[in-house]
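**Q** Residues per chain, in single letters:
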Amino acid sequence: MKCCVCKEREATVHLTQIVGDKMQKLDLCEECARSKGVNDPTGFSLADLLLGLGASQEMEQATKGGELKCPQCGFSQADFKKLGRFGCPECYETFSEGLDNLLKTMHKGTRHVGKVPAAFSGVQTMKERLERLQQELARAIQEENFERAAVLRDEIKNLQARLTAPGAR
Amino acid sequence: MKDFLAPASEVARRTGPQDRIVLSSRVRLARNLRGFSFPGWAKKPERVQVYERVAAAVTSLPSLQGCFCDTLDRLSTLEKQLLVERHLISREHAAKSTGSGVVLNREETFCLMINEEDHLRMQSLRPGLQFREAWAELDALDTELESRLEYAFHRRLGYLTACPTNVGTGIRVSAMLHLPGLVLTEQINGVVQSVNKLGLAVRGLYGEGTEALGNVFQVSNQMTLGESEQTILEKLDKVLRQIIELEENARATLIEKNPKMVYNHIGRAYGILANAHIIASKEAMNMLSLMRLGVDLGMFPGVDRSLTDELFLLIQPGHLQLLHQEKLQAEERDILRADLIRNRLKTVSRPGPPLPSTGPGG
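Same order as they appear, the protein sequences are chains B and A. Okay, so the first sequence: first residue is 264 according to our numbering, each after it adds one. Okay, so the second sequence: first residue is 192 according to our numbering, each after it adds one.
Since the hints were made in silico from the structure, they are not lab data. A hint or two may mislead.
As the list claims (entries may be wrong) - To spell it out: a stretch of chain B is covered by chain A in this simulated footprint if at least three of its residues, at any positions, have a beta carbon under 8 Å from a beta carbon of chain A; those stretches are:
no.: 1; region: 267 to 275
no.: 2; region: 350 to 360
no.: 3; region: 363 to 371
no.: 4; region: 376 to 384
What the hints assert, rightly or not - Straight-line alpha carbon distances no greater than 25 Å define the calculated SDA-like cross-link-like pairs of lysine to any residue that follow:
no.: 5; chain 1: A; residue 1: 429; chain 2: B; residue 2: 369
no.: 6; chain 1: A; residue 1: 473; chain 2: B; residue 2: 335
no.: 7; chain 1: B; residue 1: 345; chain 2: A; residue 2: 235
no.: 8; chain 1: A; residue 1: 234; chain 2: B; residue 2: 335
no.: 9; chain 1: A; residue 1: 388; chain 2: B; residue 2: 384
no.: 10; chain 1: A; residue 1: 234; chain 2: B; residue 2: 390
no.: 11; chain 1: B; residue 1: 371; chain 2: A; residue 2: 417
no.: 12; chain 1: B; residue 1: 367; chain 2: A; residue 2: 265
no.: 13; chain 1: B; residue 1: 344; chain 2: A; residue 2: 347
no.: 14; chain 1: A; residue 1: 388; chain 2: B; residue 2: 277
no.: 15; chain 1: B; residue 1: 345; chain 2: A; residue 2: 531
no.: 16; chain 1: B; residue 1: 332; chain 2: A; residue 2: 231
no.: 17; chain 1: B; residue 1: 345; chain 2: A; residue 2: 281
no.: 18; chain 1: B; residue 1: 371; chain 2: A; residue 2: 340
no.: 19; chain 1: A; residue 1: 388; chain 2: B; residue 2: 364
no.: 20; chain 1: B; residue 1: 344; chain 2: A; residue 2: 354
no.: 21; chain 1: B; residue 1: 367; chain 2: A; residue 2: 387
no.: 22; chain 1: A; residue 1: 473; chain 2: B; residue 2: 277
no.: 23; chain 1: A; residue 1: 518; chain 2: A; residue 2: 264
no.: 24; chain 1: B; residue 1: 345; chain 2: A; residue 2: 206
no.: 25; chain 1: B; residue 1: 367; chain 2: A; residue 2: 389
no.: 26; chain 1: A; residue 1: 473; chain 2: B; residue 2: 293
no.: 27; chain 1: A; residue 1: 235; chain 2: B; residue 2: 369
no.: 28; chain 1: B; residue 1: 371; chain 2: A; residue 2: 413
no.: 29; chain 1: A; residue 1: 193; chain 2: A; residue 2: 208
no.: 30; chain 1: A; residue 1: 473; chain 2: A; residue 2: 531
no.: 31; chain 1: A; residue 1: 426; chain 2: B; residue 2: 344
no.: 32; chain 1: B; residue 1: 371; chain 2: A; residue 2: 392
no.: 33; chain 1: B; residue 1: 344; chain 2: A; residue 2: 237
no.: 34; chain 1: B; residue 1: 390; chain 2: A; residue 2: 340
no.: 35; chain 1: B; residue 1: 332; chain 2: A; residue 2: 233
no.: 36; chain 1: B; residue 1: 390; chain 2: A; residue 2: 334
no.: 37; chain 1: A; residue 1: 473; chain 2: B; residue 2: 342
no.: 38; chain 1: B; residue 1: 345; chain 2: A; residue 2: 426
Even glycine gets a Cβ: it sits at the ideal position worked out from N, Cα and C.
All chains should be modelled from the sequences, with the hints used to inform the complete structure.
**A** Rendered as structure tokens:
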């Protein structure tokens with residue numbers, strides 16, 4: 264196969280780009296590829312390649328140039344741009360700003376749906392229950408049902424104590 | 192490790208539903224430990240520590256007694272190559288050494304990569320279309336493991352992974368498909384595009400960025416956040432059943448509209464395989480794919496699909512090397528590969544027109 268730029272040399276670099284439902288193929292010889300910056304790895308950000316073009320700008324914009332570093336592992340914004348991966352689980356908190364926009368481009372949603380470890384599901388349901396009880400309490404007070412409010416208040420206190428107890432993550 | 196793996200002949204005889212088109216089903220989960228850097232960022236001592244924790248937890252599971260567990264620096268290049276050719280570990284993982292490891296059960300239905308891109312990449316494999324079974328086994332193992340290891344889990348984002356493309360469920364559901372009909376009828380690009388539109392990825396034989404050698408394609412989900420495991424599994428299952436139908440239709444159309452073209456392809460493939468003295472793995476795989484199609488169509492009476500499937504595995508560089516003592520060069524491999532195939536096809540007669548009794552199914 265001949266290079267599609269110079270139409271002389273043998274094509275050894277093959278690029279396939281799919282934009283929407285259109286597929287575009289480029290077959291280049293090494294020389295033309297180099298002159299177009301195709302095989303220059305610094306010309307492409309790995310994050311861009313992995314996560315779709317624009318991903319790294321998205322992250323960069325979110326933190327406006329400041330060298331944010333993960334306190335847990337020392338991973339920085341620039342590292343993410345280079346690697347397209349995070350340094351440690353804590354990075355998800357450190358770089359949370361702008362992360363949602365990034366996640367939106369690659370996933371169905373930005374909230375986990377599915378399996379939850381047992382250690383978390385317990386806390387999860389307790390928290391949900393607490394929220395429900397607090398709503399009920401507000402309603403009871405509004406309806407001036409103080410007897411019910413007192414019961415609810417005790418229940419909430421109990422639940423809160425259990426949630427803050429050591430061992431409950 | 193070499194002795195732990197089942198012989199290729201045994202692997203080729205494993206059968207499952209729809210295995211005429213679906214070679215294998217796989218479910219993979221990505222998990223990480225809280226408080227440790229991801230493998231790509233962690234220093235060696237930290238990786239070793241993670242390896243030790245994970246290996247201890249995994250080998251203590253009752254369901255994994257008698258499994259193989261070791262670090263990659265203790266495996267030879269050849270052994271790692273064998274694991275790659277059997278799709279048990281990734282090429283990236285094979286390139287790693289100290290602080291990374293692999294756990295594999297006897298049946299080769301469960302394989303865990305320790306410190307690949309994530310601390311744990313565990314997968315469940317089944318022949319044919321068996322997503323539900325693969326998921327059930329993996330889900331149970333994962334649940335057992337979560338009481339022995341503290342997973343990095345985020346209330347809103349789910350299981351945290353090194354790459355944000357895997358965050359959430361950390362699940363990757365994939366199947367390996369043999370689609371010669373869609374390739375010969377030139378419908379494959381259209382199918383790939385519509386599958387892409389559904390948010391699923393189509394890749395070649397060895398995953399990301401590889402060629403579809405031997406008309407083998409890998410279809411998998413890409414999104415892991417915002418959809419439950421069940422939803423993803425069901426979606427894949429539905430799409431695969433559609434692809435199977437399209438492939439069966441393509442084969443039927445070919446036989447009906449253009450039988451000579453099909454017989455020509457299969458006859459030539461047989462001719463090359465039965466007579467070649469030098470053959471590269473790429474050509475061999477493509478020819479074996481056509482021969483497999485011939486077997487499916489009933490053009491090789493008395494020949495079982497396991498013949499082509501075993502050869503498909505045996506002709507890979509690592510498996511070929513395994514049959515020989517001395518270190519083989521590429522040119523020598525091409526000769527030995529041709530010898531092996533010719534030898535196996537000695538008892539196989541030339542293909543004839545399809546027997547009328549074979550239709551879609553099994």
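**Q** Would you mind marking each hint as holding or not holding in the structure?
**A** Against the structure, the hints:
1. Look at the region 267 to 275 of chain B against chain A: 0 of its residues bring a Cβ nearer than 8 Å to a Cβ of that chain, fewer than three, so the hint is violated.
2. Residue count for the region 350 to 360 of chain B with a Cβ under 8 Å from a Cβ of chain A: 4. That meets the three needed, and the coverage hint holds.
3. Counting residues of the region 363 to 371 of chain B whose beta carbon lies closer than 8 Å to any beta carbon of chain A gives 5, which meets the minimum of three for the stated coverage.
4. By the rule of at least three residues with a Cβ nearer than 8 Å to a Cβ of chain A, the coverage given for the region 376 to 384 of chain B holds, with 8 such residues.
5. With a C-alpha separation of about 22 Å, the suggested pairing of residue 429 of chain A with residue 369 of chain B holds against the 25 Å cut-off.
6. A distance of roughly 47 Å separates the Cα atoms of residue 473 of chain A and residue 335 of chain B; the hinted pair therefore is violated under the 25 Å criterion.
7. Restraint check for residue 345 of chain B and residue 235 of chain A: satisfied, since their Cα atoms lie roughly 21 Å apart, inside the 25 Å limit.
8. Note on residue 234 of chain A and residue 335 of chain B: the hinted pairing holds, with a Cα-Cα distance of about 14 Å set against a maximum of 25 Å.
9. Only pairs whose Cα atoms come within 25 Å are accepted, and residue 388 of chain A paired with residue 384 of chain B is rejected, the gap being roughly 34 Å.
10. At most 25 Å may separate the alpha-carbon atoms for a hinted pair to count; residue 234 of chain A and residue 390 of chain B exceed this at roughly 37 Å.
11. Using a Cα cut-off of 25 Å, the hinted pair residue 371 of chain B and residue 417 of chain A holds, with the two alpha carbons roughly 5 Å apart.
12. Between residue 367 of chain B and residue 265 of chain A, the direct Cα distance comes to roughly 41 Å. Violation of the 25 Å bound is thereby established for this hinted pair.
13. The straight-line distance between the Cα atoms of residue 344 of chain B and residue 347 of chain A is roughly 24 Å, inside the 25 Å bound, and the hint therefore holds.
14. Restraint check for residue 388 of chain A and residue 277 of chain B: the C-alpha separation of about 23 Å stays at or below 25 Å, so the hint holds.
15. At most 25 Å may separate the alpha-carbon atoms for a hinted pair to count; residue 345 of chain B and residue 531 of chain A exceed this at roughly 46 Å.
16. Between residue 332 of chain B and residue 231 of chain A the CA atoms are separated by roughly 17 Å; this keeps the pair inside 25 Å, and the hint holds.
17. Proposed proximity of residue 345 of chain B and residue 281 of chain A is supported: the alpha carbons are some 22 Å apart, at most 25 Å.
18. Note on residue 371 of chain B and residue 340 of chain A: the hinted pairing is violated, with a Cα-Cα distance of about 28 Å set against a maximum of 25 Å.
19. Between residue 388 of chain A and residue 364 of chain B the alpha-carbon distance is near 21 Å, which keeps this suggested pair within the 25 Å criterion.
20. Restraint check for residue 344 of chain B and residue 354 of chain A: satisfied, since their Cα atoms lie roughly 12 Å apart, inside the 25 Å limit.
21. Taken as a hint, the residue 367 of chain B and residue 387 of chain A pair is honoured in the structure, with Cα atoms around 17 Å apart against an allowance of 25 Å.
22. Restraint check for residue 473 of chain A and residue 277 of chain B: satisfied, since their Cα atoms lie roughly 18 Å apart, inside the 25 Å limit.
23. For the proposed pair residue 518 of chain A and residue 264 of chain A, the alpha carbon gap of about 20 Å is at most 25 Å, so the pair holds.
24. About 44 Å separates the Cα atoms of residue 345 of chain B and residue 206 of chain A, which puts this hinted pair outside 25 Å; it is violated.
25. Restraint check: the Cα-Cα separation between residue 367 of chain B and residue 389 of chain A comes to about 16 Å, which is no more than 25 Å; the hinted pair holds.
26. A hinted pair counts as satisfied when its Cα atoms are at most 25 Å apart, and residue 473 of chain A with residue 293 of chain B qualifies at roughly 23 Å.
27. A C-alpha spacing of about 31 Å is found between residue 235 of chain A and residue 369 of chain B, which places the hinted pair above 25 Å, so the restraint is violated.
28. At roughly 10 Å between alpha-carbon atoms, residue 371 of chain B and residue 413 of chain A fall within 25 Å of each other, so this suggested pair holds.
29. Proposed proximity of residue 193 of chain A and residue 208 of chain A is contradicted: the alpha carbons are some 29 Å apart, above 25 Å.
30. Taking the CA atoms of residue 473 of chain A and residue 531 of chain A, the gap is near 15 Å; set against the 25 Å cutoff, the hint holds.
31. Among the hinted pairs, residue 426 of chain A with residue 344 of chain B is inconsistent with the structure: their alpha-carbon atoms are about 32 Å apart, more than 25 Å.
32. Of the supplied pair hints, the one linking residue 371 of chain B and residue 392 of chain A holds, its CA atoms being roughly 15 Å apart against a limit of 25 Å.
33. Restraint check for residue 344 of chain B and residue 237 of chain A: the C-alpha separation of about 23 Å stays at or below 25 Å, so the hint holds.
34. For the suggested pair residue 390 of chain B and residue 340 of chain A, the alpha carbons sit about 24 Å apart, so the restraint of at most 25 Å is met.
35. Under the criterion of a C-alpha separation no larger than 25 Å, the hint pairing residue 332 of chain B with residue 233 of chain A is consistent with the structure, at around 15 Å.
36. Under the criterion of a C-alpha separation no larger than 25 Å, the hint pairing residue 390 of chain B with residue 334 of chain A is consistent with the structure, at around 22 Å.
37. Proximity of residue 473 of chain A to residue 342 of chain B is assessed by CA-CA distance (about 38 Å); at most 25 Å being required, the pair is judged violated.
38. Note on residue 345 of chain B and residue 426 of chain A: the hinted pairing is violated, with a Cα-Cα distance of about 33 Å set against a maximum of 25 Å.
When each numbered hint is compared with the structure, violations occur for hints 1, 6, 9, 10, 12, 15, 18, 24, 27, 29, 31, 37 and 38.
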